[in-house]
Structure formats: C-alpha cells, structure tokens
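The task is simple: from the sequences and hints, build the whole structure.
Keeping their order, the protein sequence lines are chains A and X.
According to our numbering, the first sequence holds residues 4 to 484 in order.
According to our numbering, the second sequence holds residues 3 to 432 in order.
Any given hint could be a false lead.
Only some residues are given here: those of chain X computed to face chain A with a beta carbon under 8 angstroms [to be verified]:
{"no.": "1", "residue": "P46"}
{"no.": "2", "residue": "D50"}
{"no.": "3", "residue": "T351"}
{"no.": "4", "residue": "S358"}
{"no.": "5", "residue": "E363"}
{"no.": "6", "residue": "S372"}
{"no.": "7", "residue": "H373"}
{"no.": "8", "residue": "T376"}
{"no.": "9", "residue": "T377"}
{"no.": "10", "residue": "D381"}
{"no.": "11", "residue": "A384"}
{"no.": "12", "residue": "L388"}
Keep in mind the hints are simulated off the structure, nothing from the lab.
Don't be surprised by glycine CBs; every beta carbon is placed ideally from N, CA and C.
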Amino acid sequence: MSKSEDTIKDATSGDYKYGFVTDVQSDKAPLGLNEDIIRLISSKKNEPEWLLEWRLKAFAIWKAMPEPAWAHIHYPEINFQDICYYSAPKPKKVLNSLDEVDPEILKTFNKLGIPLEEQKMLSGVAVDVVMDSVSVKTTYKEKLMELGIIFGSFSDAVQNHPELIKKYLGSVVPMTDNYYAALNSAVFTDGSFCYIPKGVRCPMELSTYFRINEANTGQFERTLIVAEDSAYVSYLEGCTAPQRDENQLHAAVVELVALDNAQIKYSTVQNWYPGDSKGRGGIYNFVTKRGICAGVNSKISWTQVETGSAITWKYPSCILKGDNSVGEFYSVAVTNNFQQADTGTKMIHIGKNTKSTIISKGISAGKSNNSYRGLVKINKGAENARNFSQCDSLLLGDKCGAHTFPYIECNNKSAKVEHEATTSKIGEDQLFYCNQRGIRTEKAISLIVNGFCKNVMDNLPMEFAVEAKKLLEISLEGSVG
Amino acid sequence: MSFKVSEKERFLINFEGQDFSKEGKNFIKVRELALEHLKEVEFPTTKDELWKYTSLTALLKEGFKPQTSINNPHIDAHKIKGLDAYQMVFINGFFAPLFSDIQEDELGDFFLMNINQAKVKRGQFMEQYFGVLAKAKFSAFNALNAAYSQDGVYLHVQPGKKLDKPVHFLFLNEGTNVASQPRNLIVIGKNAQAEILISYDTIDAQNALTNVISEYVVLEGGQLTVNKLQCENDSTYHVSTDSAYQHKNSVFHINTFPLSGKMIRNNVHVQLDGPGAEAKLFGLNYINANEHFDNHTFIEHMKPNCLSTELYKSVVNDNGVSVFNGKVKVHQDAQKTLAYQSNANIITTDDAKAYSKPELEIYADDVKCSHGSTTGQFDEEAVFYLRARGIKESTARKMLLNAFAAEVLDKVENGVVREFIEKKIERKLF
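Okay, structure coming up:
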C-alpha cells in the first residue's frame, strides 16, 4: 500500500471531535406528529391564530405529498411518528448577561472552542445561540437595535413584529414547495429572523450557532432574512452536533429577500455528526434554502462548507427577479466514510442583465457518494442573462463516488450559459512534486485539497474561514492531513 | 372498475393482428415476452426524468398503424448520389428487395440480409445477441418494437475482414399514419471493420411514426463507424434506440444528424466492456420551426483504460426545441478512464429553447472525466468583423454557422456522405 493510501486511511479513521451530549433538562412534547402536536407547538410559543392556521394548512399539504426519491441518496425510511417535534431547554428566568446562561450550555460552546464572551468581546460578532429549538440568548441585540436592525429568534419576531413575518413568511419558499419545506412549515419551532432597514449596512457579521442536542429531536429551524432597499448584511451559520447512533432529522427552511440594491451574504459551515466509520448514525440534513433578488441591482451570495451529516440534501438557490441582480453560489462539500451528499443550487434568471456564478467543489473519500445537482434556468424575458458554472470533484480512495447532474434550460437567445465540470484524483505527479521538495505526503494532500477549495474558502468571512479550514482538516484528517 | 379504454390501449390496438408465426420458436418467444412488458409498462410522461423535456401527449393521440406500401414508389430521389455502397431499402418497415442488393458474400467475408431472413438462416448465431442490449423491459418503445417490429437489417462481418464498401440502410415511409418499426442487428467480428450509413426519409407520408432499435456488437479489436441521418418530413415522429456493446480494444464511432422531423428522440447507449475500448459520439442538430429534437446518450465505462469522446451541437431557430442529456457512468473497476463530453447550443430567437443536462456518475478514483456545456448566440463581434470586410450579413452568419457545424461534420470521414449532409443543412437554412 502506498504512503498516500495510508494517509487517507489514517485520516478517514479520525473520530468526531465534537461528540458529546449536554445535560440540560428539556421540556419535551410526546413523540409523533398530528394536529394536536402542531397546536401544542403553536400554543407553547404563544402564536397568533393566523400562524396556527398557516401551520395546519402546511400539515394538510404535507400529508398529501409523497416523499421525494429523485436524489442520489439512500437511507432507511423515516418514521415521522417517531420524532419529537418540540423540545426546549426549561425556561428559568429572563437573563441580563451571559453569566446567567446555563453553565452547562456555556460549557458546550467552550468545548466547541467558540466561547460567547470571547466572541462578544473580541470579534464583535453578535451570536444568536439556538440550542435545540429555542433561542437561549441573544447578544448585541441592543447595539443592532440602534441602527434599526432586527436580529433575534423567530419566535420573538412573531411576537414583536408580526406584520413583517406575515408579509415575508413563505414568500420565497411556499409551503407547497417540497415535502420537507411543507413539514417544516407545519412544525418549525424556532430559528432566526433578521431585518435590515432601508440604507443600513449591518456593521458586523451576524451569526447563529445551531446545535442539535436532545436525542431523537428533529430540528426544524426557520430562518428569514429581509434586506430593505440598499441594505447590506452578512450572515453566518455554523453547526455541530453530538455523537449518537439513531439518525436525526433536520429539515430547515431558510428564506432570503433582497430588495432594490440590497445585498445578502449567507455563509454556512455545517459539521453535524456524519455517522461513524461503519455508517451508523449521523444527521439527515434535508434543507430548503432559497433567496429572492426581488429588487433591481440586488445580490445574494451563498457560501457553504459542508463537511458533516450522514446525508445532505440541500440546494441553496437564487431567484433573480430584479433587473441587474446577481446570484452567487460557492460550495465545498466533503464526504467521508458512508456519508452521502446531494447538493447544488438553482439559479432562476427572470430579470434582465442578471448574472449568476456557481463554483462547486466536491471531495469524496471512504465509501461516500458526493453529487452536484444544479439548475440554471434562463427565462424568456431574461435578456443578456449570464451564467458561469464550474463543478469540480476530487476523489480520494477507490470506493467513493462523485457525480454531477447539472440542468441547463435556456429560453432566451441573448443569454450566455457556460458549464464545465471535471472529476479526477490527486495526481501522482503532484504528490511526487511535493515529496521531492521535502513535504510529507500527508501535508501534501492537505495542501492540494486546500488549493482545490481556495476559490470557495476565499468567499467566507474572515471569522469563518479559520473555522472552515479547521473543519476541512478534521474531516479530511479523515481524508487529508 | 372502469371499462374505459385507456389512451395506451387505444394506441396499441392498431398494432395488433400482425402475423409473425413463420418465425422461429425462440423469436416468437421474444415477441411474447415483449408483449408482456408492454402490458405492464406505461409510456413515459414529462414527470419521468428521462422524458422531462419531451412530451408524448401528441404522439399517443395519433393512431399509427403498421401498413405495407401501396404504390411502387420511386426511391431514386432518396438515394445518395455518387455513394458506392451496398444498399438495403425498407419501406414502412418492410423489406423492399426490389431496391436492395442482398449480399451474402461468397468469400464468407460477411453476411448481409434482412433480419427476417437471418432469423431463419442465422437463427442460432443471432440468438446470443438479439434483444440482449436494447432489452424490451427498458422502455415502452423498446417493448413496442420488440413485439411488433416488421423487419430490419442483419449484418455480420467475419473476424479479421473489412467491408469493401459501406452499407447503406435506407428506411422510407409512405402513406397516412404509418407506423414503421425497423429492428437492426450488427455484429462486427474480431478485428473486423465496417462502415454503415443509416438514413431515414419520407417518400410521401402524413403522420408517421418510426420506432427503430439498432443493436451493435463490436468484438475484440473490431471497428465500426455509423453515420445516422434523420431527414423525415415535418409530420413524422421518430424514436430511435442505438445500443452498442464493445469488447477489448474495439472502436465504436457514431455520428448522428437529426436534420428534420416533427419530433426526434435518440437514445444512444454504449457499454465499454473491455479494456482499451474507445467510443466516439458526435451529433449535430439543425432545428427549425415546430421541430423538437431530443438526444439522450448514456456511456458506461465498465473496464479500465477506456476512452470516450462526445460532442453534440445544436442550432435552434424559430420556436424549435433542443434537448441534450448526456450521461457518463464510470463503474468501480473502470480505473484509468478518460471521458470527455461537450455540448454547445446556439439559440437564434427568443422562442427557441435549449435544454442541456450533462451528467457524470463516477465510482472509480483514478479517472479523468470532464464535461462542458455552453448556450449562447452568435458572436456579434465576429459578424461585425466579417461585415467590415464587405461580406453581406446573411453570408456572414452562414459562414459562422458553417464554422460551428464543421467541428462535427469533419468527423464524417466519407466525403460523399458529408457533402450530402452539408447540402441538406444548406437547404434547411435558406
């Protein structure tokens, strides 16, 4: 066996470093899904009547929908009646400072290496912590309030800004959109809400930290970000989850709305528990993310680093409705062991002079399968639309798979659409070159993989780039240095 | 329970009542099995991934019926002038011996005959290949052909032999609501070589359906070149399945030219099941008003060190529709695979549509695979460049189109055939 294979083997056997269960008392609903559970969730959250009706309507739609089977992923059937749809850490009292947060929870974040205090003090990042389903603590809220920015948990927003929620909820991802979006619409418990008023440039990176905690609890997050005319916001989302054997379902919905001249940058680092080296356990990540560039000159940019989850099913998309609007998608997806990823994007060009860029890098190792699935659609009225797509796959090991399924639909003569994809392994010559210059094979693989992902990593905000690189190394410590 | 006749039943009823009892037992069995499949399987709808962009609603509403040609037509206009080839002519799917050179070469270099005759004379040899590649259970169209195909070509080139001249299969339709279903089997022996030309044309037909299956087996070191021209009239639906199976070090080369027709669907499936095999797939579509051309290709790399190259181009005018779906699958054993695929589309109006879906499915690590797809319009600067040099705009555009097409046309090695295609395209353009 060659040295590089050894390295890959060593790397792939790396254990999940963030596997631990926090012992916080939970307020849990009984297992199962029916109208009563939905009513329970709604009443627990003290929701207005219209929202309950909205949920029930979504539930009725979900019941009539078949589970999608088109993705290139395989998993045992999910028993939706065996999931707890509501679980909240027990409320204690209203907190004024971080000291009052449950020390257990603080410890969890310290273990993750992201102490809240430090972030608050040093990096100027306002962190809206979501542990299981309820927002525990929101920092920097007041600072943001001064600028008129609303940033907090979704349930707070339902109480305090119902008119905004009513206006935008489901406007980008309707409840009829797909099976998991309908499920989420019926049972979502919490999430983040962000509203940037006209002309405001959000001075800091907004971030939420998701963490699935309670065993057997599906997490159904709902995120809504609205950027008014000429507003700008950069939003970060990152996840880790404890190690356990049962599969956990995560079906989130993220909606972005960018009005005239607005810009939204949404970055994700996803590192949920991917299952052990035998393919047991791990998170099922079935997420619907979509943004609409509703106004002229608006821009939405998705950047994601996907290293975790047993199954990832995720297509952050852009609807380019406003003239001159821009959509971007930068993605690194790493799969190892028995992980399966079917991810990509959709760029729907409706407005004139719309532009989109897709850069997708897939890295497969172990016995994993990694697919890119994307749609570029140029509508009839999208004069001078422009798209460039590049999807590259890197294979580490001879038992993994890398697949590309791009859909290109062009209905306008002035459009220019380009797509290119390559699949290959790390060249022996590249490794030899590095070895010859005194770089160990392990280090060389890491170097090459980092270079392979550079285009995407460069698009992450500074705060995230460091963590993302670390994650890449850990997952590929499994497959790379 | 409903006693209403379904659309499928109504469509199929016209095909019943054909007499195939003269065929050998085993071939009748193949037909019976296909009939079973036909009962079970539904015709695809746009909800099926493989037919997402091509609707069969209009096709299924027509009442196509197998029928022999009534007149004794003149077919000279449909021959390719100056082409020195063995010719096999089929009208409405039935063999027309009057126009054909039936050859059973005396030296034993090759067997060339209609497939119904081959079923009697070469039955035992044929059975190992017949219906093995394009299985009836794969699709409703495959089953329909397997159950009711009228006739077709059988060509077997003996090991180490080379056909002294190309073979031209000419399939013609005549009449109203004709359903013709040719079925071809081509076996290229070890280190043998052949070039074939398959062309589809219309004598005088209103509403026709051509549903053809061609199976190609290229044994070790064999080389086969196929040029396929589809120039039926604007009321013809054409569904065509080409399945090739390649052994070690063989070469299979197919050029597809969908030139006219109401709806054309091509399914090309190539299996590279021997180390060192090479597949070359090229296609050029010229699509005008009310035409819908759909090319699906599927290349499977099953053994190491194989090479596949694929290039499909389309020019879409008026309200024409172009669909390309190219899939390359690299199996786990197929290390050192090289697979290159490319699709380019030019759209000249806002009513034209181009759908492109290049796919890669890769399970081996030591591979180099790539695909690319572009969709766009004429480079206006290039048009300007030519006009600035005193060339008329229409001529300039024609020159650019020719340049675009040349990359595929150059793959046709036979000069007579290439010229014939060029002329057809020219007539279509102006």
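A quick look at each hint next to the structure:
1. Nearest Cβ of chain A to the Cβ of P46 of chain X: about 15 angstroms, over the 8 angstroms cut. The hint is violated.
2. This hint is violated: D50 of chain X has a C-beta 11 angstroms from the nearest C-beta of chain A, more than the 8 angstroms allowed.
3. Using the Cβ-Cβ criterion of 8 angstroms, the hint placing T351 of chain X at the interface with chain A is satisfied: the shortest such distance is roughly 6 angstroms.
4. Among the interface hints, the one on S358 of chain X holds; its C-beta lies about 4 angstroms from the nearest C-beta in chain A, closer than the 8 angstroms criterion.
5. Residue-level restraint check for E363 of chain X holds (minimum Cβ-Cβ distance to chain A is 5 angstroms; threshold 8 angstroms).
6. Nearest Cβ of chain A to the Cβ of S372 of chain X: about 4 angstroms, under the 8 angstroms cut. The hint holds.
7. About 5 angstroms separates the beta-carbon of H373 of chain X from the nearest beta-carbon of chain A, less than 8 angstroms, and the hint is met.
8. Among the interface hints, the one on T376 of chain X holds; its C-beta lies about 5 angstroms from the nearest C-beta in chain A, closer than the 8 angstroms criterion.
9. For T377 of chain X, the interface hint holds, since its Cβ comes within 8 angstroms of a Cβ in chain A; the closest pair sits about 4 angstroms apart.
10. Restraint check, D381 of chain X versus chain A: the minimum CB separation of about 10 angstroms is more than 8 angstroms; hint violated.
11. For A384 of chain X, the interface hint is violated, since its Cβ never comes within 8 angstroms of a Cβ in chain A; the closest pair sits about 14 angstroms apart.
12. Because the closest C-beta pair between L388 of chain X and chain A is about 19 angstroms apart, greater than 8 angstroms, the hint is violated.
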